[in-house]
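Numbering (this note's numbering), first residue to last: 182 to 420.
Hints may contain errors.
Restricting the straight-line Cα-Cα distance to at most 25 Å, the calculated cross-link-like pairs of lysine to aspartate or glutamate (DMTMM-like) are [what the hints assert, rightly or not]: (1) 289 <-> 364; (2) 319 <-> 364; (3) 309 <-> 380; (4) 318 <-> 214.
Per label pair, the in silico range of CB-to-CB distance [as the list claims (entries may be wrong)]: (5) 385 <-> 245: 48 to 56 Å; (6) 351 <-> 219: 30 to 38 Å; (7) 339 <-> 306: 38 to 46 Å; (8) 397 <-> 214: 28 to 36 Å.
Bear in mind the hints are in silico, worked out from the structure with no lab data behind them. Beta carbons: idealized from backbone N, C-alpha and C, even for Gly.
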Amino acid sequence: MIRICLCDDNPAMLDREEKFVRDFEKKHNLNFELTTFPNGEALLFHAEDYYFKYDIIILDILMGDTNGIDVANALRKLGSTAQIIFVTSSREHVFDSFDSNPLHYLLKDDLDSEQAEAVLLKAVELSKKKEPTFVFKKNATMYSIPMREIRYFEIIGRIMTINCKDKVYEYYKRIDDLEKELEPFPFCRIHRSYIVNLEYVKKLSRSELTLTDNTTLAVGKSFYPQITHRLSEYLQSGE
182 MIRICLCDDN PAMLDREEKF VRDFEKKHNL NFELTTFPNG EALLFHAEDY
232 YFKYDIIILD ILMGDTNGID VANALRKLGS TAQIIFVTSS REHVFDSFDS
282 NPLHYLLKDD LDSEQAEAVL LKAVELSKKK EPTFVFKKNA TMYSIPMREI
332 RYFEIIGRIM TINCKDKVYE YYKRIDDLEK ELEPFPFCRI HRSYIVNLEY
382 VKKLSRSELT LTDNTTLAVG KSFYPQITHR LSEYLQSGE
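Construct the complete structure from the given sequences, taking the supplied hints into account.
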């Protein structure tokens, strides 16, 4: 699944952009998760916790009091590595956008053109090659960790621990919310306290799961059917 965000303060234009993306999705037999925002402030408010989930951001440059280039720069400072495509009614601000490292910019009049389709196709291809990362916030600091380095998550009281190969991180998060965020990735909840990276599963029984480093974690009775199903899917997929 490819996660795409659209941000434009013009409702009619936002509808056009959504139609363009949905038509592209259908034509190329892809699977998009699409989220729309009516202005840059709404996107940035959402971004503090969820920006890492977007692979592609299609962003209007001129949005009332908000400058889309400033929004893009703020996203980069937060650590976003999404492919950014600017849409604009004028070429005037194109050279101001370089600091945010955009993939491309499109004139709004060209949204239905072959060029627009080629740009989105390139963004999709690049997003597929990008290594997924897990991003979290602790106090005022944002952290980004490659997904492949995370072995498992454990909730202890109100504190979520991220157990990586060589380091452990802690932050505040509800495990139910984390489970939803990790749905697109090869992670599975095995207990009320644990979510594991399927890449590191070595052995599974009804009562416990062993990781490749021989760490043993309890398997909750109600979670056993879920982990057996997810693990079977993962092994068959060859990921």
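Here's how the hints hold up against the structure:
1. 289 <-> 364: 34 Å, violated
2. 319 <-> 364: The given pair, whose Cα atoms are some 22 Å apart, holds under the 25 Å limit.
3. 309 <-> 380: Given that 25 Å is the threshold and the Cα spacing comes to 19 Å, the pair holds.
4. 318 <-> 214: 23 Å, holds
5. 385 <-> 245: 48 to 56 Å: 54 Å, holds
6. 351 <-> 219: 30 to 38 Å: Since the Cβ atoms of residue 351 and residue 219 sit about 35 Å apart, the hinted range of 30 to 38 Å holds.
7. 339 <-> 306: 38 to 46 Å: Given about 41 Å between the Cβ atoms, the range holds.
8. 397 <-> 214: 28 to 36 Å: 35 Å, holds
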